[in-house]
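K.L.:
These are the residues of each chain, in order.
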Amino acid sequence: MSPTDKRRLQGLRALLQDVVEHGSTAVERVHRTTADRTFAVLEAIPPVAGVAKVAHDVHGAVLTGVYGSIRQVNRAVGEVLTAVIEESTKPSRE
Amino acid sequence: MGQKLDLALAVLNGAVGDYLVRTDNGLALPMDLYLHGEPVAPTAAALSAAYPDATARVVVLVHGLMNNETVFAMPDGRDYGALFRADLGLTPLYVRYNSGLPIADNGAALSALLTTLVSEYPVPIEEIVLLGYSMGGLVVRAATHAAALSAAPWLPLVRRALYVGTPHRGAPMERVGRIVSAVLKAIPDPYTRLIAEVADLRSDGLKDLGDADLRHEDRARRGLHVRLRDPQHPVPLLPGITHHLVAGSLSEDRWVRALFGDAVVPVSSATGWRSLGEGLDPSRVRVFPGLSHAAIPRSMDVYAQMREWCEAR
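Chains L and A supply the protein sequences, listed in that same order. Read in the working numbering, the first sequence has 86 at position 49, and its numbers run on one by one without any break. Read in the working numbering, the second sequence has 120 at position 135, and its numbers run on one by one without any break.
To be clear, the hints were calculated from the coordinates, so they are not data collected in a lab. Where a beta carbon is used, it is the ideal one built from N, C-alpha and C, also for glycine. Incorrect hints may appear among the rest.
To be verified - Over 12 Å on every C-beta distance to chain A, these chain L residues come out as not near it, computed from the model:
{"hint": "1", "residue": "L52"}
{"hint": "2", "residue": "V78"}
{"hint": "3", "residue": "A81"}
{"hint": "4", "residue": "P83"}
{"hint": "5", "residue": "V95"}
{"hint": "6", "residue": "V117"}
Claimed, not checked - Per label pair, the in silico range of CB-to-CB distance:
{"hint": "7", "chain 1": "L", "residue 1": "T41", "chain 2": "A", "residue 2": "P173", "range": "44 to 52 Å"}
{"hint": "8", "chain 1": "A", "residue 1": "D17", "chain 2": "L", "residue 2": "V67", "range": "25 to 33 Å"}
{"hint": "9", "chain 1": "L", "residue 1": "G60", "chain 2": "A", "residue 2": "G(-13)", "range": "26 to 34 Å"}
{"hint": "10", "chain 1": "L", "residue 1": "R66", "chain 2": "A", "residue 2": "V168", "range": "36 to 44 Å"}
{"hint": "11", "chain 1": "L", "residue 1": "T101", "chain 2": "A", "residue 2": "S104", "range": "53 to 61 Å"}
{"hint": "12", "chain 1": "A", "residue 1": "A167", "chain 2": "L", "residue 2": "H68", "range": "19 to 27 Å"}
{"hint": "13", "chain 1": "A", "residue 1": "T8", "chain 2": "L", "residue 2": "H68", "range": "22 to 30 Å"}
{"hint": "14", "chain 1": "A", "residue 1": "A71", "chain 2": "L", "residue 2": "V67", "range": "52 to 60 Å"}
{"hint": "15", "chain 1": "L", "residue 1": "A72", "chain 2": "A", "residue 2": "P60", "range": "50 to 58 Å"}
{"hint": "16", "chain 1": "L", "residue 1": "T62", "chain 2": "A", "residue 2": "K(-11)", "range": "26 to 34 Å"}
{"hint": "17", "chain 1": "A", "residue 1": "G275", "chain 2": "L", "residue 2": "T41", "range": "34 to 42 Å"}
{"hint": "18", "chain 1": "L", "residue 1": "A72", "chain 2": "A", "residue 2": "V183", "range": "18 to 26 Å"}
Construct all of the structure, not just a fragment, from the sequences and the given hints.
P.N.:
Below, the structure written as structure tokens:
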């Protein structure tokens, strides 16, 4: 593999990571904003306000966990791919 | 490198090439001369090896947005460069670049490349013909502007510039995109804002096409309008060079010409239309009815016209 090919392979890896990182962040923001609107309506109704507040907090925590996990896995996969590309492009000893 | 991969990289660079450079991504294309799909370093040794029959007159071909030098290839394998070589003895030099970068940056890079070229080329260069297709024509104009400011040594060698389907007054489609993006952003809804954010990821080069911005400072003039408010382009065609403009049109019909041009660039934009300064001789402007934006960089009719222009002394 030529140095140019290797640089491009690393570039593709980085670009895919960026897409997942920024994409998941943007989708999380939309998800959270949409949910906040719904919970705001429920929390304004006295009989269900308490339960709605608890559900809102739980939902927020789950969102943080799920989207955070996606980004953690993405970074881990990126590191593995970086190592694999480096290893596979090392000159052979034979 | 496979031609399909090269084209995929060209499209990617045109779409988000500025982001690739900002993030130091290895997929970003540097500006280089290319011959038969391979880069040619602008060094004396590499140029001598690549062009053993180099002539003192050269034609520099600059492609457009999201493509590379293969955009000039005709079905029989010839292209404008090869034809100029065979008919007029001009050595063709194909430039490949990251079309997602600002046009001003690519113009400056082209000027620097040509400065190196004139000192490293195998024989003393007597004449440079610049040929830009679509965005490539704006890159050529940005390069001559940068060269004029820095008194670059290659500029006095340029006698002629050929612009093929170049949006000298900008591309209305990009201006429409700018408005749609602004409207989506203004709607207080997270989904439409997300769509607007994705739309805004388009590259600086693409955004520059809206008003044909050749300098960084020209971006301050941008507004939300489809029609051009100011008919005078802030960077007129450089005097001292004979400029020739070629436009395509889907049809001879007056309305089709006015509204759609070659399907991407309106005829009024490709022919300058009162915007490029005084003195543009009508005989140096030619409209080809029936030629789309995709067909205009590889048309024998267009070549015949360009050859006729270049033969005239």
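K.L.:
Since L52 of chain L was said not to touch the interface, does its Cβ keep a gap of more than 12 Å from each Cβ of chain A?
P.N.:
6 Å, violated
K.L.:
Indicate whether the distance between the beta carbons of A167 of chain A and H68 of chain L respects the range 19 to 27 Å.
P.N.:
24 Å, holds
K.L.:
Holds or violated: 25 to 33 Å for the Cβ distance of D17 of chain A and V67 of chain L?
P.N.:
Violated, at about 41 Å.
K.L.:
Going by Cβ atoms, does V95 of chain L stay more than 12 Å from chain A at every point?
P.N.:
The claim stands: V95 of chain L keeps its Cβ more than 12 Å from every Cβ of chain A (closest is about 21 Å).
K.L.:
Quick one: are T62 of chain L and K(-11) of chain A within 26 to 34 Å, going by C-beta?
P.N.:
At 32 Å between Cβs, range holds.
K.L.:
Could you check that no beta carbon of chain A comes within 12 Å of the beta carbon of V117 of chain L?
P.N.:
18 Å, holds
K.L.:
So does G275 of chain A sit 34 to 42 Å from T41 of chain L, Cβ to Cβ?
P.N.:
41 Å, holds
K.L.:
Between the beta carbons of R66 of chain L and V168 of chain A, is the distance compatible with 36 to 44 Å?
P.N.:
20 Å, violated
K.L.:
Quick check: does the Cβ-Cβ distance between A71 of chain A and V67 of chain L fall within 52 to 60 Å?
P.N.:
58 Å, holds
K.L.:
For P83 of chain L, which was marked as not at the interface, is the minimum beta-carbon distance to chain A over 12 Å?
P.N.:
27 Å, holds
K.L.:
Against the range 18 to 26 Å, how does the distance between the Cβ atoms of A72 of chain L and V183 of chain A compare: consistent or not?
P.N.:
Once the Cβ atoms are compared, 21 Å apart, the range 18 to 26 Å for V183 of chain A and A72 of chain L holds.
K.L.:
Is the distance from the Cβ of T101 of chain L to the Cβ of S104 of chain A consistent with 53 to 61 Å?
P.N.:
Because 59 Å falls inside the window, the suggested range holds.
The structure shown violates the earlier hints numbered 1, 8, 10.
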